[in-house]
Amino acid sequence: MFVITGMTDVAVDSKGRFLMPAFWKSMFTQHQINEFVIKRHLYHSCLELIPISVWNEELEKLNKLNRFNKQSNDFIRFYMSGVRVIEFDKVGRIQIPKDLFEYAEIKTTAVLSSSIDRLEIWDKVLYENYLQSHSDEFQKFAEDFLGKSFMNEKEDN
3 MFVITGMTDV
13 AVDSKGRFLM
23 PAFWKSMFTQ
33 HQINEFVIKR
43 HLYHSCLELI
53 PISVWNEELE
63 KLNKLNRFNK
73 QSNDFIRFYM
83 SGVRVIEFDK
93 VGRIQIPKDL
103 FEYAEIKTTA
113 VLSSSIDRLE
123 IWDKVLYENY
133 LQSHSDEFQK
143 FAEDFLGKSF
153 MNEKEDN
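Note that the working numbering has the sequence shown beginning at 3, numbered continuously upward.
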């Protein structure tokens with residue numbers, strides 16, 4: 003399983019371009035990853051940068067939905083809206099398409115935050131506000147998800 007770890011701030015220019023940090027650029031190059039999908043996050047005002055191989059696995063699952071079911075069809079339409087395939091430019095930058103750049107309300111600094119097999123791209127202020135306003139929820143999530151299931155699995159071994 004391909005895993006991305008870490009978090010960093012990056013400067014974003016007025017055209018929505020940022021330089022991929024060297025530690026991730028080198029990891030992507032090592033794994034021969036040069037194409038990504040960039041899309042809206044389902045639940046937050048941020049973007050997801052997903053390696054194309056991971057995206058293709060998601061599409062295989064999505065393609066199993068019944069297209070004759072209106073709800074499935076509507077979900078696919080919404081999920082796929084705004085999706086773009088992008089790659090690094092010659093100097094290692096990523097270009098965020100204008101509509102997605104505006105959607106995420108990115109100003110001059112973005113946060114790239116790993117989310118297992120993808121990166122989330124947030125406006126720095128929105129990211130900090132989100133973390134601050136949801137810190138109590140995180141403690142509950144940690145207890146619910148890690149304390150009750152994850153930790154119990156380890157105890158059984």
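Keep in mind that the hints were calculated from the coordinates and are not lab data. Heads up, a few of these hints could be off.
[Stated by the list, open to error] Simulated restraints on C-beta separations:
id, residue 1, residue 2, range
1, E139, D91, 36 to 44 angstroms
2, D119, N68, 36 to 44 angstroms
3, H43, K66, 20 to 28 angstroms
4, S117, R69, 27 to 35 angstroms
[Stated by the list, open to error] Straight-line alpha carbon distances no greater than 27 angstroms define the calculated DSS-like cross-link-like pairs of lysine-lysine that follow:
id, residue 1, residue 2
5, K92, K41
6, K27, K17
7, K109, K92
8, K17, K109
Glycine included, every Cβ here is placed at the ideal spot set by N, Cα and C.
Going down the list of hints, with the structure as the test:
1. E139 with D91: 36 to 44 angstroms: holds (38 angstroms)
2. D119 with N68: 36 to 44 angstroms: The hinted range 36 to 44 angstroms is violated for D119 and N68, with Cβ atoms some 26 angstroms apart.
3. H43 with K66: 20 to 28 angstroms: Roughly 22 angstroms apart at Cβ, these two residues keep to the hinted range, so it holds.
4. S117 with R69: 27 to 35 angstroms: holds (28 angstroms)
5. K92 with K41: Roughly 22 angstroms between the alpha carbons, so the hint for K92 and K41 holds.
6. K27 with K17: holds (20 angstroms)
7. K109 with K92: Status holds; Cα separation ~24 angstroms.
8. K17 with K109: holds (11 angstroms)
Of the hints listed earlier, the one the structure fails to meet is number 2.
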